[in-house]
Amino acid sequence: MRLGLISLAGLTLALPAAAQDISLRLPVACEVGRTCFIQHYVDRDPSPAASDYQCGTLTYDTHDGTDIRVPTTAAMKAGVDVVAAADGKVLRVRDGVEDVSVSGRGRDSVANTECGNGALIDHGNGWETQYCHMAKGSLAVKPGDPVKAGDRIGKVGLSGMTEFPHLHFTLRKDGKTADPFAYGAPEQSCGGGKSLWDASLQRTLAYQGGSLLNKGFAPGPVTMDAIESGTAEQDTPTTGSPALVAFVRAIGLKGGDVQILTLFDPDGKPLAQNKAPPLDRAKAQWMAFAGVKQPQGGFRPGLYRAIYRVERDGKPAIEQAFGISLRP
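Mapped onto mature numbering (1 follows the signal peptide of the UniProt record, and there is no 0), the consecutive letters of the sequence shown carry residue numbers -19 to -1, 1 to 309.
Calculated from the structure, these hints are not laboratory results. Here a beta-carbon is modelled for each residue, glycine too, at the ideal position from N, C-alpha and C. Each hint should be verified, as a subset may be incorrect.
[To be verified] Here are the computed lysine-lysine pairs in the DSS-like style, where the Cα-Cα straight-line distance is at most 27 angstroms:
#1 K58 / K123
#2 K256 / K196
#3 K196 / K264
#4 K70 / K129
#5 K274 / K196
#6 K235 / K175
#7 K296 / K256
#8 K157 / K175
#9 K154 / K196
#10 K129 / K117
#11 K296 / K196
#12 K274 / K256
#13 K58 / K264
#14 K196 / K70
#15 K70 / K117
#16 K296 / K264
#17 K175 / K129
#18 K154 / K123
#19 K296 / K250
#20 K123 / K157
#21 K154 / K175
#22 K235 / K256
#23 K154 / K58
#24 K129 / K157
#25 K58 / K196
#26 K296 / K235
#27 K264 / K235
#28 K58 / K117
#29 K274 / K250
#30 K157 / K70
#31 K250 / K196
#32 K123 / K70
[To be verified] Using C-beta positions, here's what the derived DEER-type ranges look like:
#33 D42 / D89: 37 to 47 angstroms
#34 P202 / G105: 47 to 57 angstroms
#35 T16 / R290: 21 to 31 angstroms
#36 Q301 / G156: 33 to 43 angstroms
#37 P309 / G173: 32 to 42 angstroms
#38 R88 / A224: 29 to 39 angstroms
#39 A55 / Q169: 37 to 47 angstroms
#40 E79 / R15: 25 to 35 angstroms
Let's have the full structure, built from the sequences with the hints guiding it.
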């Protein structure tokens, strides 16, 4: 156990560091960067502008938590557990709110239930965690229940004030929002402070200035709704498909970012390329695709690859390759 030292009338006392700090485990049972992604951080800017703990754009004004997102509603429906981030006692819960995107029904429809299905846990020493937007009917705890770190308390959902399936996780100390990535850092500082995540998570949760959320190939045009629902990834192209389309959806892009998506044939020759103009402003998410129609006689069997690249200030910010083997 780590100890803090305090001197009193010449006597040095050792106090557990846990009296001041809390160690958090990931509150979603997922693999960051593969089966889940951090969409937003705490807003560290007290003005009407917004800035995350690295002075980046992965937040918005007054955002008081960390948004951990699953890549599609299909993944949400398959079930992704929300777990207690630390030992504690359940204070309050809410269940029964429908899993419906607020974009389709309007913000007024979730007045006073913005958190959706949620839970509040007391961890002692002034620490509390709140879990929002969980799936209807998934709450596995009730007020008064003791919980251990890692205990399931619900599942990721789409309830309350949200447009995509995710967990909104808020940490508070003595009633005030605390940023688990930079606890104690001055407002509007870039870096600094202390991470409250367990040491085993430090590398996994390293700051990413944008991520590739979805990627794949489709036999025809792709829509954002198809990507969000997961159906775009289920319709596998063949050599007889009417087209071969590589698609991506990225999150956390910045103004000025240049995106390039290139599709290659089995010989490594470019078949199609989509080089988008620089983004005019930061984008929470963005879709891009590049493809070709079926040639006469169909597509040749073999491995087709795509490379997605984001250039930021003349340097690569995101670069990822993916492929598909076409068969009759």
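Cross-check of the supplied hints:
1. K58 / K123: holds, 23 angstroms
2. K256 / K196: holds, 17 angstroms
3. K196 / K264: Holds, because 18 angstroms separates the two Cα atoms, which is no more than 27 angstroms.
4. K70 / K129: holds, 9 angstroms
5. K274 / K196: This hinted pair holds, its Cα atoms lying about 19 angstroms apart.
6. K235 / K175: Roughly 26 angstroms separates the two Cα atoms, so the pair holds.
7. K296 / K256: Holds. K296 to K256 sits at ~15 angstroms (cutoff 27 angstroms).
8. K157 / K175: holds, 16 angstroms
9. K154 / K196: violated, 39 angstroms
10. K129 / K117: Cα-Cα ~23 angstroms, so holds.
11. K296 / K196: Roughly 22 angstroms between the alpha carbons, so the hint for K296 and K196 holds.
12. K274 / K256: Holds, at roughly 18 angstroms.
13. K58 / K264: holds, 26 angstroms
14. K196 / K70: violated, 40 angstroms
15. K70 / K117: holds, 21 angstroms
16. K296 / K264: holds, 18 angstroms
17. K175 / K129: holds, 23 angstroms
18. K154 / K123: Status holds; Cα separation ~22 angstroms.
19. K296 / K250: holds, 24 angstroms
20. K123 / K157: The given pair, whose Cα atoms are some 24 angstroms apart, holds under the 27 angstroms limit.
21. K154 / K175: With Cα atoms ~14 angstroms apart, K154 and K175 stay inside 27 angstroms; holds.
22. K235 / K256: holds, 16 angstroms
23. K154 / K58: violated, 33 angstroms
24. K129 / K157: holds, 23 angstroms
25. K58 / K196: This hinted pair holds, its Cα atoms lying about 19 angstroms apart.
26. K296 / K235: holds, 13 angstroms
27. K264 / K235: holds, 6 angstroms
28. K58 / K117: Holds - the C-alpha atoms of K117 and K58 are around 11 angstroms apart, at most 27 angstroms.
29. K274 / K250: Holds. K274 to K250 sits at ~16 angstroms (cutoff 27 angstroms).
30. K157 / K70: holds, 19 angstroms
31. K250 / K196: holds, 20 angstroms
32. K123 / K70: With a Cα-Cα distance of about 10 angstroms, the restraint between K123 and K70 holds, given a limit of 27 angstroms.
33. D42 / D89: 37 to 47 angstroms: Once the Cβ atoms are compared, 20 angstroms apart, the range 37 to 47 angstroms for D89 and D42 is violated.
34. P202 / G105: 47 to 57 angstroms: holds, 54 angstroms
35. T16 / R290: 21 to 31 angstroms: Since the Cβ atoms of T16 and R290 sit about 23 angstroms apart, the hinted range of 21 to 31 angstroms holds.
36. Q301 / G156: 33 to 43 angstroms: Check passed, 42 angstroms falls within 33 to 43 angstroms.
37. P309 / G173: 32 to 42 angstroms: violated, 58 angstroms
38. R88 / A224: 29 to 39 angstroms: holds, 38 angstroms
39. A55 / Q169: 37 to 47 angstroms: holds, 39 angstroms
40. E79 / R15: 25 to 35 angstroms: Once the Cβ atoms are compared, 29 angstroms apart, the range 25 to 35 angstroms for R15 and E79 holds.
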